[in-house]
Amino acid sequence: MSQDVWIVGMAMTKFMRYPDKDIVDLGSEAALGALADADVTIDDVDVLAVGSRYDTAGIGQRLQKQIGQTGIPVYNVVNACATGATAVRVALMAIRSGEADIALAIGVEQMGKQGLLATSEPLDHEAPYQPAGRYGALGSVEGLLGTGLMPGTFAHAGTEYALRHDGVGL
Amino acid sequence: MNLATQERAVPLVDYLELGDPPTLHANRCLACGARFFDRRNACAACGKTDFERVALARRGAVRSFTVVHRATPDVRVPYVSVVVELDDGKFVKANLVGVKPDAATVPPGLRVELTTWGIGTDPEGTKAVTFGFRPLPNGDVEDSAA
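So the protein sequences, as listed, match chains S and H. Each number in this note's numbering corresponds to the 1-based position in the first sequence with 929 added. Each number in this note's numbering corresponds to the 1-based position in the second sequence with 8 added.
If we strip away everything but chain S, and leave its shape as in the complex, we get (with noise of 0.2 Å):
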């Protein structure tokens, strides 16, 4: 299928933090004013679709109760640093495959204080090991077995990139 797709609108809001507003509050923000950025309202939207990598408790729906309940299908979608692209993906492929004449897909975060820091339960040495999943780890393996976490992680992607072109930047 090679029919055009048009971004007819779009909005954001500025990253900061807002103690004043909740994660419903951004992206309301956002959706409306990509709406009237397109001029269009949401009556004339037959698809939504929204990524939310960490508020994962239907927060399509949640947001429809703020910028119209119109009776048209919402995704939720969830796929790490792409859940906002894939929210986009979801409504180009809902107009390509003939579903919808106009799409809207929404990414939002509020993200509050935890940092990329946030790691599981620290190992337990108060009652008897027991190992568990599919490593049969007694607890969490952070900061013992390296870093799983996004800074160190990316860190090690870093230090792999230069590794692999003459050593560029180490």
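In short, the hints are calculated from the structure, not lab data. Where is the CB? At the ideal position from N, CA and C, for every residue including glycine. Please note that a few of the clues may not be correct.
Unchecked claim - With the Cβ distance kept under 10 Å, some of the chain S side facing chain H (calculated, not the full set):
1. Gly987
2. Gly1036
3. Glu1038
4. Met1040
5. Glu1055
6. Pro1060
7. Gly1062
8. Arg1063
9. Gly1075
10. Ala1091
11. Leu1092
12. Gly1096
13. Val1097
Fit chain H to the given chain S structure using the hints.
Same frame as chain S, now just chain H:
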């Protein structure tokens, strides 16, 4: 030293076996040879479903690395996180010990060997043992008992 016969000890992860010497193991796909540390339903490389447990090389060379300076309070910092390419080609992530935790002291390709140490004891007296890698003594001078 055989930890298992001296006292009750359990490995932090089940792919570490506390024999003499302690050795890492992997689940090897019988069809394509891909090796995995975790239990697998099927091979991520070829999709086949039969595996055998195989021992891995105890020596290798540091590939990617990073010095971690910030972590949650239960994690001791700074430490060096490394991915080691074992001499049999398997990659494994762990801590590098026996070096200053400074990026300048971790030359890429540093020759290392497996080492283990205790990280705590539970109320029943069982010791938890983790593994890591340390530089081979005298740089690249290796004995033949790998």
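Hint by hint, here is what the structure shows:
At its closest, the beta carbon of S/Gly987 sits 29 Å from a beta carbon of chain H; the interface hint therefore is violated under the 10 Å criterion. Hint status for S/Gly1036 relative to chain H: violated, with the closest Cβ pair at about 27 Å, above 10 Å. With its C-beta approaching chain H no nearer than about 21 Å, S/Glu1038 sits outside the 10 Å limit, and its interface hint is violated. With 10 Å as the threshold, the beta carbon of S/Met1040 stays out of range of chain H, its nearest partner Cβ sitting at about 17 Å, so the hint is violated.
Here the hint on S/Glu1055 is kept, as its CB sits about 7 Å from the closest CB of chain H, short of 10 Å. Proximity of S/Pro1060 to chain H holds as hinted, the smallest CB-CB distance being about 6 Å (cut-off 10 Å). Residue-level restraint check for S/Gly1062 holds (minimum Cβ-Cβ distance to chain H is 8 Å; threshold 10 Å). Given hint, S/Arg1063 at the interface with chain H, holds; its Cβ is 4 Å from that chain's nearest Cβ, closer than 10 Å.
With its C-beta approaching chain H no nearer than about 4 Å, S/Gly1075 sits inside the 10 Å limit, and its interface hint holds. Satisfaction of the interface hint for S/Ala1091 is found here, the shortest Cβ-Cβ separation to chain H being roughly 8 Å, below the 10 Å cut-off. Interface restraint check for S/Leu1092: the shortest CB-CB distance to chain H comes to about 6 Å, inside 10 Å, so the restraint holds. With a cut of 10 Å, the hint placing S/Gly1096 at the interface with chain H holds, because the nearest CB-to-CB distance is about 7 Å.
Checking S/Val1097 against chain H by beta carbon gives a least distance of about 12 Å; that is not within 10 Å, so the hint is violated.
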